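**Q** Sequence:
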Amino acid sequence: MEKMMEAKELPTMDAIPQERKARQTGLRVVLAVLVLAALSVVFGGCARKEKLYIYNWTYYTPDSVIEKFEKEYNVRVVYDEFASNEDMFAKLKAGGSGYDIVFPSADYVSIMISQNMLEKIDKSKIPNLVNIDPSVLAQTDYDPNMEYSVPYYFGAAGIVVNKSKVPNFEESWSIFAREDLKGRMTMLDDMREVMGDALAYLGYSVNTVDPAIINQARDLVNNSWKPNLVKFDAEAFGKGYANGDFWVVQGYPEVVFEEILDNQQLWDDTYFFIPKEGGPAYIDSMCILKGAKNVDLAHKFIDFIHRPEIYAEFCDIFGFPATANVPARKFKTGDAWYSEDELANVELKKDIGNALELYNNAWFNSIRVGE
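Taking UniProt numbering, I'd label the letters of the sequence shown as residues 1 to 371.
Just so you know, these hints were derived from the structure itself, not from any lab.
Predicted, not measured: the structure shown is a model, and the values here were computed from it.
A couple of the hints might just be wrong.
What the hints assert, rightly or not - The list that follows gives simulated cross-link-like pairs (lysine-lysine, BS3-like), each with its CA atoms no further than 27 Å apart: (1) LYS91 x LYS300; (2) LYS51 x LYS165; (3) LYS350 x LYS68; (4) LYS330 x LYS68; (5) LYS276 x LYS293; (6) LYS182 x LYS91; (7) LYS125 x LYS71.
Claimed, not checked - Simulated restraints, written as ranges between beta carbons of each label pair: (8) LYS49 x ASP268: 22 to 32 Å; (9) LYS120 x LYS49: 24 to 34 Å; (10) GLU371 x SER205: 44 to 54 Å; (11) ALA90 x LYS293: 45 to 55 Å.
By construction, the Cβ of each residue, glycine as well, lies at the ideal position given by its N, Cα and C atoms.
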C-alpha cells in the first residue's frame, strides 16, 4: 500500500548553515588561490608552498575545511575527484599517480591493502584518532587496527523524491518498479550499490557470494527496475533532479541538496529516505597511497579532519550526522538529512574476493550490456 510520506521533518532553508548556502558546488574555487599565489611571488618573494594531492569523491570535503588546513600549515591542496570506487581504482591501477591521500570505501580498502597499494599509517602522528566512534571501528574488520586506513564517514545512499510530482510512495526500493514513473527516475552507475539494493530488497546480504542469489538480483534490476529508468548515473543526477528532468533518484542526498539551494520551492518539495529494506552502507576512509611524496603532510591532514570542530563543520555543510567522530556531535549546529538511527538496517559493503567476478558479469554483461 502506497502512502504520502509526511512524518520525517527535513531541514528547512533557515536551518542550513550560511557556509553551505554560499558554497559553490562541484568546482574548486581556484582563481583566488592562483591570484594569492601570484601576489606572494611578486610582492613577498616567498618560497614555493608544499602541496598535498588529494583524490576524493565529488562533493565530499568542503572548501572551507580545505582552506583552513591550507592557512594553518601554509600549504596548498590540489584536489581531484572521482564518482565511484571502480573509477578511482581503475585510474590508480592504470598508472594514475602523484596523489598522497585517497578516500576508498571499505571493500576497496581491503582490495588495495591486499594489492600493496597503501602506505602504513603512523598512528603516533594522528592523536585525534581517539575521537573516532568505536561502533564504526568495530565494523572495520578489513583493517581492525587502522594500519592502512582511517574512517572518514559512515553512511548510505538512499532515494530522493520530488513530492510535488510523486505525492504518494512507499519508502522502499520497489519505487523503481513503478511504471507510472518511467522516464523520470535514475539509479547510481555503481555496481555494488545497485546490486546491493536489489539484494537487500529480496532479503539477502549485500555481500552474498551465492551465484543463484546474485542472478536473482540481476534479474530484478533488469526486468523490474531498469525499464523505468532514464539511465544509471553517478555524476549528473543532482543537476537532472534540480532542473526537473528526474523526479526520483537514487544517490547521496548532499549531491541533490547542493544543487537546489537556490530553489526554495523544490527544496520544500524534496524528501530523502533510506529504504525500509536497508541496503549497502559505506565506510569511506582516508588512506595514504604507496609512494606518496608528502606522507608527513598527509598525516597532518587526517589528524586535522578529525578535530571535533573541523569534523562538525564538514558534517554541517553537507547535512550529515557526525557518524564517525563522537566529540564532533557537540559542535554540530546544523540539521542532517537523515539520522544515525536510520542507518540501523543498512549493511556495510565488504570485499567479496573472487565473487566480484559474479557481480561484474551480472553488471557489465547483462544489466549494462550494450551501453
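**Q** Check the hint pairing LYS330 with LYS68 against an upper bound of 27 Å on the C-alpha distance.
**A** holds, 20 Å
**Q** Taking 22 to 32 Å as the hint, is the beta-carbon distance of LYS49 and ASP268 inside that range?
**A** violated, 44 Å
**Q** Does the structure keep LYS276 and LYS293 at a Cα separation of 27 Å or less?
**A** violated, 45 Å
**Q** Okay, GLU371 versus SER205 on CB: inside 44 to 54 Å?
**A** violated, 27 Å
**Q** Does LYS91 pair with LYS300 here, judged by a C-alpha cut-off of 27 Å?
**A** Holds - the C-alpha atoms of LYS300 and LYS91 are around 25 Å apart, at most 27 Å.
**Q** Hey, LYS182 versus LYS91, does the alpha-carbon distance stay inside 27 Å?
**A** Answer violated: LYS182 to LYS91 is near 34 Å, above 27 Å.
**Q** Take the C-alpha atoms of LYS51 and LYS165, compute the straight-line distance between them, and say whether it is at most 27 Å.
**A** Violated - the C-alpha atoms of LYS165 and LYS51 are around 47 Å apart, more than 27 Å.
**Q** Taking the beta carbons of ALA90 and LYS293, is their distance inside 45 to 55 Å?
**A** Distance hint for ALA90, LYS293 is violated at roughly 22 Å.
**Q** Below or equal to 27 Å on CA atoms is what counts here, so check LYS125 against LYS71.
**A** holds, 20 Å
**Q** Is it true that the CA of LYS350 sits at most 27 Å from the CA of LYS68?
**A** violated, 33 Å
**Q** With 24 to 34 Å as the target window, see if LYS120 and LYS49 comply at their CB atoms.
**A** holds, 27 Å
Hints 2, 3, 5, 6, 8, 10, 11 from the list above are not met by this structure, while the remaining hints are.
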